[in-house]
Every structure is written in C-alpha cells, then in structure tokens.
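Protein chains in written order, with full-length UniProt numbering: chain L, 1 to 527; chain Y, 1 to 330; chain F, 1 to 263.
I should point out that these hints are in silico values taken from the structure, not numbers from a laboratory. We put the beta carbon where it would ideally sit given N, CA and C, even for glycine. Mixed in with the good hints, there may be bad ones.
Claimed, not checked - No farther apart than 35 Å at their CA atoms in a straight line, the calculated lysine-lysine pairs in the DSBU-like style are these:
#, chain 1, residue 1, chain 2, residue 2
1, Y, Lys269, Y, Lys171
2, Y, Lys119, L, Lys30
3, L, Lys243, L, Lys30
4, L, Lys468, Y, Lys9
5, F, Lys261, L, Lys243
6, F, Lys203, Y, Lys269
7, L, Lys522, L, Lys357
8, L, Lys243, L, Lys468
9, Y, Lys20, Y, Lys9
10, L, Lys231, Y, Lys9
11, F, Lys106, F, Lys222
12, F, Lys203, F, Lys173
13, L, Lys357, Y, Lys126
14, L, Lys426, L, Lys133
15, L, Lys231, Y, Lys119
16, Y, Lys269, F, Lys184
17, L, Lys133, Y, Lys126
18, L, Lys426, L, Lys243
19, F, Lys58, F, Lys173
20, L, Lys30, Y, Lys20
21, Y, Lys20, L, Lys25
22, L, Lys515, F, Lys261
23, L, Lys515, L, Lys468
24, Y, Lys269, F, Lys58
Stated by the list, open to error - Examples of chain Y residues toward chain L, derived with CB under 7 Å:
#, residue
25, Trp94
26, Ala106
27, Pro166
28, Ile218
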Amino acid sequence: MTTEQRIGQVANYVDERTGAAAWMKKNLQKVFPDHWSFLLGEVALYSFVILLLSGTYLTFWFDPSAREVIYEGSYAPLEGVQMSAAYASTLHISFEVRGGLLMRQIHHWAALIFMASIVAHLMRVFFTGAFRKPREGNWIIGIGLLTLGIVEGFLGYSLPDDLLSGTGIRIAEAIIQAIPVVGSYLSYFAFGGAFPGEAFIPRIYIVHVLLLPGAFLALITAHLMMVWYQKHTQFPGPGRTEKNVVGYPLMPVYMAKAGGFFFIVFGVTAFISAVASINPIWLYGPYTPGQVTAGSQPDWYMGWLDGLVRMAPPLETYFFGYTISWNILIPGLIVPGILFTGMALYPFIESWITGDKREHHLLDRPRNAPNRTALGAMSITFMLVALINGGNDLIATNFDLSINQIMWGTRIGIIVLPPLAFIITKRLCLSLQRADRELVLHGRETGRLLRLPHGEFVEVHEPISPEKAYLLTSHEQAPALALPDVDGRGVKRSGALRNKLRSRMSVAHSEAVPKVSADDLKEIEHH
Amino acid sequence: MSNEIEAIKDPGLPAHIHRKADHDPVAAKRAERQVAILFGISSLGTVLLIASFFIPEDIFIFVPVMGSQNAHQLGLGLGMAISLFFIGMGAIHWAKTLMPDQEVIAYRHELRSEDVDRKEFVVAVKDGVEASGIGRRSVIKRSLGAALGLSALSPILLLRDLGPLPGNDLKETSWKAGTYLVTDPGDRRIRASDLEVGAVAQVLPESDDPEHRKLNDIAKDAVLLIRLRPEEFNLDAERLSWTHEGIIAFSKICSHMGCAVALYEQQTKHLLCPCHQSTFDVTRAAKVIFGPAARPLPQLNISVDGEGFLIARTPFSEPVGPSFWGRISS
Amino acid sequence: MKRLSRYRRHKAVGPALLIFALLGIGTTFSVASATTASEITTADRSALIEEGRQIFLKGCSSCHGINSEGGAIAPSLVGVGAASVDFQVGTGRMPMADMSTQAMRKAPLYTPEETAALAAYVASLAPGPEIPTEAQLNYERDGSLAEGGELFRTNCAMCHNFAGQGGALTQGKYAPTLMGVEPKHIYESMVTGPQSMPVFSDKTITPQEKLSIIKWIKAAEKEPNLGGASLGRVGPVTEGLLAWTLGLGLLIGVAVWLAMKAR
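Extracted from the complex, chain L is given alone in its bound form:
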C-alpha cells in the first residue's frame, strides 16, 4: 500500500463522518508570515499548556485545606510545626514526591514566563498597530486574558499557604475591605468570616484549577479562532500588501516550526526549573498573621501594583463617621481600573482620533506611528517606575540607597518621567523617520572618502536597493483630520469642545517627517 492510499483510507473514514476534507484541504495550506515577534503569543499559549500539565500533576498530591496539621515529613527544620494541610502537602510534593519539586518549579516558572510573554506580546501588538480594525475584538480578549492571568497567578502564589502567600492574601483582604460601604461584607463572604479563616484556600483552589482555567480555555480558543479567521497581520515590505499574506504554509513548515517551538518553550522552562530555585516555601515557613519577612513582594506581574500602593500618599477621609481609605483605593483599584480600561479602549480611541475606519493587515513600523509609540513608551515608563518601587527595599540594600529616597524618587518619577518618555520617544521616532528619508534620498554611507579635483573630500554614498527604498516609503502618511468648528453655513457645530480636542489630538497623531516620493527621487537623479 502506498502512503497516499494509507492516508486516503483514514481520510475517507473521517470525511464520511464529518465532511472535513474540503475544509482541511484549504486550511492545511493556510499561510503564516514568519517573524520572531509573532512567536511571543505562541510562548504564552505553550506556557499555558505547560501550566495545565504541571498543574494537573500537582493536584495529585496537593491538599487544598486550611485544616491544621502537625508536620511529620522529612524536612527537619519544620518537624513538629503546626501548619495547614495545604502547606504540609506542598512540602510533601517538594520533598517526598520524586520530581515533585521540579514540577512545582516548572509550574511557577511557567507562570512567570506566561505573564512575561503575554506582556511582551501585548507590546508587540500595540507598537505595530496590530490592534486596528478588524482586530479590536481580539485586542479586548487579549486584555481580558492578561487580567485573568494576573488574578490566576496571584491565586497560585496564595495556595501553598506559606508566609509569603499569607502576607499576599492579607493585603488582598485589606483591598477588599477598603471598598466603600460593602468592603467588610465582601471580605467576610470571600473568607467565610474573619481573615484568614479556613474557607479561603479551598475556595480559591477551585477557582484556580477549574473556573479560571475554563475561562482561559474559552478566551484562548476565541483568540486563536479570530487569528485564524482574520489571518495573521504581516510586516510591510516588497510584495506584501493589505490584500495578501506572505509566509509559509501550515503543512508542513509551520506545523514543524510551531510544534517544535512548543518543545522549545517546555525545554527552556524545564531548564530554568532545573537550575534556578523558585519560591522555596520550606524556608518561608507556614503562614501565621503575627509573622512577616523582610522583602515581602508579590510575583513580578503584581509588583507594579505593590509599588503603587507603597508610594500612595497617606490619605484617608472620614465623613459621617465612615472611613474611605484613599491610600488603598487609589493605587489598588482606581489607578489599575483606569489603566486597564484605557488599554482596552485604545483601539477605539485611536480610530476616533484618526478617523480611520479601514481594515489594516499591514503592520506599522513603530517609528512611523510616533504618537502611538510615544504613548506606549509612556505607559511602560509608568509601569516600570511603579515596579521599581515595588522592589525598593531590595534596591536599597543592593545599591546602598535608602527606601525613603527611592520612594520619593518614584513618587516624583511616576509623574515626571512618563511625559518625559513620551516627548523623547516621539522625537526619537521623528528622527528615525528623518534618517529613513535621508537614506532613501542619498543612499547608504559607505565610509569611503573621495577627493574631488579641487581638493574637497566627499563621502561616497551608495544607493539602496529598490526593495529597501520601497520598505522605507510604503507607509501611509495621513493628514490630520479637518474638523471645522463651523459647518458649511457658518453655524457653530455642536460638541465644539470635543471637536477641538479631537482635531488637536489628530494633529499630534499625524505629525511626521514627509516620506520620499518617486518625484523626489527623480529630482535627485536630475541633479
């Protein structure tokens, strides 16, 4: 029997029952463009699979219970210590289950890499403008996944019930409790009574292993189906247009590459887990509310939140005998709420500013969208300043600084640095555009000097290839929106203020160094 016959037999069996052959034929030829930055989302996807596998392994031994037990395992420094069953079973996984510690570390490292790759993927999508129509919906799903990831990660950090976990839960409880009017009620419902109680761990366990992974699966499926259906975006370049996708077919090249990359991600995660210890819970000891460790920090994806809470002003107001803790609400709920809402709405805001309602499948080079790039740099700066303050104690001890200095530095920095980052990035983008323009007009500097007959030295410039010239000039430079304050008959329009804001932003958004046109080049040749 030939290979074709054998495949035919299987295909026949399946197709007669599903009619999938036609669909499959088309989709096996599906084209995926190749670029390293397109793999960041894949890292996140594969990390999620690793999390499911390693997480399932851990559930075989983990006992999600706050029930008190006396430790009788093999780790001598905790012998006879009173602790929760959750903590004791995590110790059991670490010390008595062969490979258990490795799997715990894989689970935790995969979670950190999962979140890091989501953020890196988000930055790629943002800076290249991949969120534009028709992909706004997928952008929002992505923001949803990021948010769920933060929550899921925090719950995982909380489950082992070690000293660090408990401190984290304590802080989460304080945030819930600070919600006006219903805070203490919500907290008592969440914890089944006073903090810490015995209900919380089993409750967050089922959320961590069933509810949120289920939501993840649903959202990831939707996310991928949208990518599949709308086809992947591609970087601009010769032969690449809004109407086509240039790349490799799914079968066999992309299958081999993407499939292989799954093993790479798993392999790298296993490697880090083999060589670098993460969350050595046995050293932290079991949680009790009367204890705490210096350098109590959350995992990195919550670090910015912790940093914001640390730098918050000591503000609490009392009215009619009721307390509002601004020092918790602002950094803990209000600022993150504004940030994430703004992030989710950004595609709509940008399209409102530009008035652009067309489909976009070609990506922007970040320099060609200076305003957006600058806005991204501004947001990253904000997050970084907050994150730095989240580790201020460790920075203080390692770089001979004081936490008070760092705190004041970041308090000022979080207001001053983001706008500064905006301005610098925007100027940088425009300079890069200018450099592109120079390159297309005058070619590449060769470094060779030529002496002219009259003694002057000039550097020899080499013209760049037509492909390169096209790449540097293929982007669109839309003019700012023309939004007259008055309509055709001289009557003032309604919403003039809004229009003014919109046109102001549109002007800022369309600022650019004029790209080289074919006419410009002809003129140059003429000289």
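Starting from the known structure of chain L, arrange chains Y and F on it as the hints suggest.
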C-alpha cells in the same frame, strides 16, 4: 489617501534564493544528519532523566556558579530540559533546512459580507423581531425584563451563606481588661522587669489553649512590646498612662494593610512595616511619619498585676488592622 | 545587679576569667617582650583591664570619651557590657571606618586578645551582659531546630528576611545578612541590641531559645540549594528578573533563529 504625490513602486517579492541543501545533495545529507543528531541528543536527555530518577536524593554535587546542587533534582530537570528542547531544535532545523522554504502568497478576502447578504440579514433579524411581537407587545417586553432582572437576584441570595456578616467582629479582639501578656512563641507571662531598655517582645493574650491558637485570633491579637526610657516618650497624659515604666504596647497588625509591623529600630525608635514601608514613631504613640499608612497603630493600655506581670488594663480602644467603611462608626 | 550576681556565681565565670587573663598576658607579652620582660608574671584581671584601658584611650576615646561617657557622635559605653564590646569590635563594626548611616561588618581591627582586653575594661566600668562561653553556646546540643525556626520567623525574619539574608530599614539603614556570622556574635547581638537592633531579653527569649535560633540560622546557612541556584533567597524580585532575562531571553533567541532563513 491623497495620492497626488507618486509613491515609490512596489518592486514585488524579492527573488527566491535557494539554500545549499536545495541543490547540493551533500548539504542536504548533512542537514539530515544534523536533524538526526538533534533528535539523538533529545533521547540522551531522556536517558539522563530516567537515570536521575534513581539517584538517591541525598547526593549533592558541586556546580560552578550554582554551588552545591542536589544531583537527583538537577539530573531530572536537565534530562527533561534536554529531551524536550532538542525535539524542538530538531523539528525547527528540519523545517528550516529541508522543508520547502519558498514563501507562498495567500490572498485575503474582505471580511465584510456581500451587500445582498447584509441587507438580507438585517431583514431577517427585523422580521424575526417583528414576528415575535416584542416591539408591539410592551407588556411582554416589560414583564420579561422584570423576570430576567429578578432571576439575577437568586445567585446573590444563594451566595449569602458564603460567610457570616461581620457584625462587631472586626472591632473586637481577645484582649480584655486583665488579660495577661504572654510571649509569642512560648506563652510565658512577662514581668516588667524582664525587659531591658531597648528590648522588644512579641506578645499575645494569654490563652486557655495556647497549643491551638486560631490564626483568626492571632490576626487581631498580635502585639509588640517595646521598652524605652520613660523620658523618651512624647505622649499626652492619657497615652502616657497607658504605658508602664517605659513599656509601651502596640497592635502589630498594620493600620494600612494588615502586615505584621515589627521592624523596630532601637536607636531612632521607629517601627517599619516591611510590606509597604509605613514608618511609625514609637515615642509619639506610633504616629505615621512616612509611607502610605494613614493612622497610628492602636496602642494597648497596659499595667501590671500584684506580682508584677504585665496585663492589659482595657481592651483596644479602637479596631485593629486595616481600615474599613464602618471602622469608627458605632 | 541581680543579673550580675547571678552571672558571678556562674560555673563558667572562672574558666572565662582565666582565658581572658591568659589572652591578656599573651598580648601583653607580645607587646612588652620587645621592651621589657618584667610584667609577664602578673596574671591578674586588673592588668587585663589596664591593657584594655590603654587600647581604649588610643583607639576609642576620641569618640566615646576618655571615661567612656560618650560624646556627640558616639554613645556612652558605661554598662554596655563585655558582650557588646566583643560583638562590635569582634565583627569589625568598631572602630567605625566612616561615619555613614551604620557601622558595617568588616575584618576586625583588633586581635582577639586586644578585643578581650577592651571587653574586660568596658565591663569593669559597670555591669552589663557577659560574653557567652563555649559551654553556653553548644547550640547543636541545647537548641531545637523547629522551635528556632518559629522564633526566628516571629522575631527576626521581619528585618533579616525569611532566610537570614538581611533587609532594608529606614533612611538607608539595613539589617545585615546573618550568613557567616559566628554563633557567639549572633548571641551577643540578641542580648545587647547593637545599633538599630532591639534587645531580646533572656526572659522573653530564654538562653535556650536563643540557641535554637542560632541552630536554625546555622542550618539555613548550611542548607544546600535544593531546587537549583538560590537567586539570593530574597523572594520574587530576582525570580521575576530571571523570568524576563533568561526565560524570555532564551525563548526570543530561539524565535529569532526560527524566523531566520536558512542559507
């Protein structure tokens, strides 16, 4: 958009450059061998993993940079890493060198449906809505709205028993008038004379069953004792009367977010919370001098009994721990 | 006073004094033998104290005052006890190299003999905590590991971190790492409360409990890194850093290779 200016022309996809392996059978053979070697390394990794599983767990080996490492753990991890990583390397190398590398072009179809379909769709929806009569029969619409809205209440109701109402729980601790201060851990009563100037002690209220203290209790009861020279205090008369011979007691639960505040700097008389770095001045009744906390730590009114053991003279005069809506309301 | 009288009757006091005396003589000898050999035979405590006083006048009095009464920049040493001197001088914190935020641990300037003489001198000014003897410091025998862990987490971890790696205090001060600190010095720091550190009284944390703490610290120091490189045992900050650099770095490296055309 406004294309008065002529753009530089798209020269089209660059010509395909063939790889060595495409026309040189020797190079192709070499690539094939490389892929096989990569897969082979993966198998060796699995062998390492299997072998490491049986390494006793108490063997440690020295690895430069990393220090002393557990051979069992390191072998398992590296074996797994190698076995997985090199499957990936092999597959990708295979795809890159031996599978076709000519880029292909697929065409996008506009996502927008045909105008006819869009029109028909709108009509279909409109017809459906009309046929149901929901627009005309407003009684149905309203009553359905009310029913749906009301049904959403049931989960809220059903979740009611997630926990009790807080009641006065957040405002009470185990400290009563006359409760002895005992060491944590150790549960020994403390005499005022047991503490030198500059000393601290972590204390809890004396309990009938010290072996099984509830974490819920510790979360509200934990107290820090500090002894200063009485003249170092800068307190009003009432708060001064709450101290005993220079010994002052504060709730250890941070008034900001509930971490244990126990970083006491003996020279500056400052207390620091390690979670968010709120700093409290012990000499001024734990007044906040830095950081996000808005309130001083609650002070416990202490005294001694006839034998000189430290006791609480009254319960805490305010709720301990983080703020909440009804904290100061009665 | 009660404390002193208790210690005076301690069975270890005799041998301890003898050791001091001998050490003192040794020092005196090494210094004195160059000039005259007449003082070697005086094995008496006052000689040791006198020796200490001389060192004190030369090396310490400019800050702490001729009579140890303290000054604008340094505290009085009356009543701090021998343990305090042994800790401060024995760990190199005193004399301070510079008047920055806090005295650092560094190589001691004085020999153990000179330190003992200084300690004897300062102890002679007023009673204070004594240096624990070898016999008092048998933490392996007298300490309990698990109890030490609990005590450590309640009393020490908030400043020195869960694994004794140290941590930040206010205004640039810090709680130093406890790794590699001699058991004697750990003990002395608890009873004397050096610099920012408070005192942990023998009644609230008994001497036996202090040994348990030392036993736990020493076990943590020796504990191999069970899950790979320790990353400093400082919690999630270094872990996050590694996830971004090594983790995502390696993966992006492979991704770049993956997307590169083969030649």
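Evaluated hints:
As the CA atoms of Y/Lys269 and Y/Lys171 are separated by approximately 28 Å, the hinted pair is consistent with the 35 Å bound. Simply put, Y/Lys119 and L/Lys30 have alpha-carbon atoms about 30 Å apart, close enough for the 35 Å limit, and the pair holds. For the hint linking L/Lys243 to L/Lys30, the alpha-carbon distance of about 15 Å falls within 35 Å, and the restraint holds. Note on L/Lys468 and Y/Lys9: the hinted pairing holds, with a Cα-Cα distance of about 11 Å set against a maximum of 35 Å.
The suggested pairing of F/Lys261 with L/Lys243 holds, with an alpha-carbon distance near 24 Å, which does not exceed 35 Å. Between the alpha carbons of F/Lys203 and Y/Lys269 the distance comes to roughly 22 Å, so the proposed pair stays at or under 35 Å and holds. Between L/Lys522 and L/Lys357 the alpha-carbon distance is near 34 Å, which keeps this suggested pair within the 35 Å criterion. For the given pair, L/Lys243 sits about 20 Å from L/Lys468 by alpha-carbon distance, which is consistent with the 35 Å threshold.
For the given pair, Y/Lys20 sits about 32 Å from Y/Lys9 by alpha-carbon distance, which is consistent with the 35 Å threshold. Only pairs whose Cα atoms come within 35 Å are accepted, and L/Lys231 paired with Y/Lys9 is accepted, the gap being roughly 25 Å. Between F/Lys106 and F/Lys222 the CA atoms are separated by roughly 22 Å; this keeps the pair inside 35 Å, and the hint holds. Taking the CA atoms of F/Lys203 and F/Lys173, the gap is near 28 Å; set against the 35 Å cutoff, the hint holds.
Between L/Lys357 and Y/Lys126, the direct Cα distance comes to roughly 26 Å. Compliance with the 35 Å bound is thereby established for this hinted pair. Between L/Lys426 and L/Lys133, the direct Cα distance comes to roughly 24 Å. Compliance with the 35 Å bound is thereby established for this hinted pair. Of the pairs offered as hints, the one joining L/Lys231 and Y/Lys119 holds, with about 26 Å between alpha carbons and a cut-off of 35 Å not exceeded. Taken as a hint, the Y/Lys269 and F/Lys184 pair is honoured in the structure, with Cα atoms around 26 Å apart against an allowance of 35 Å.
Restraint check for L/Lys133 and Y/Lys126: satisfied, since their Cα atoms lie roughly 27 Å apart, inside the 35 Å limit. A C-alpha spacing of about 30 Å is found between L/Lys426 and L/Lys243, which places the hinted pair at or below 35 Å, so the restraint holds. Taken as a hint, the F/Lys58 and F/Lys173 pair is honoured in the structure, with Cα atoms around 29 Å apart against an allowance of 35 Å. Proposed proximity of L/Lys30 and Y/Lys20 is supported: the alpha carbons are some 27 Å apart, at most 35 Å.
The hinted pair formed by Y/Lys20 and L/Lys25 meets the criterion: a straight-line CA distance of about 31 Å does not exceed 35 Å. Taking the CA atoms of L/Lys515 and F/Lys261, the gap is near 30 Å; set against the 35 Å cutoff, the hint holds. Simply put, L/Lys515 and L/Lys468 have alpha-carbon atoms about 13 Å apart, close enough for the 35 Å limit, and the pair holds. With a C-alpha separation of about 32 Å, the suggested pairing of Y/Lys269 with F/Lys58 holds against the 35 Å cut-off.
A distance limit of 7 Å between C-beta atoms decides the matter here; for Y/Trp94 the minimum to chain L is near 6 Å, and the interface restraint holds. Of the supplied interface hints, the one on Y/Ala106 holds, with its beta-carbon coming within about 4 Å of a beta-carbon of chain L, less than 7 Å. Proximity of Y/Pro166 to chain L holds as hinted, the smallest CB-CB distance being about 4 Å (cut-off 7 Å). Interface restraint check for Y/Ile218: the shortest CB-CB distance to chain L comes to about 5 Å, inside 7 Å, so the restraint holds.
The structure is consistent with each of the numbered hints, conforming to all of them.
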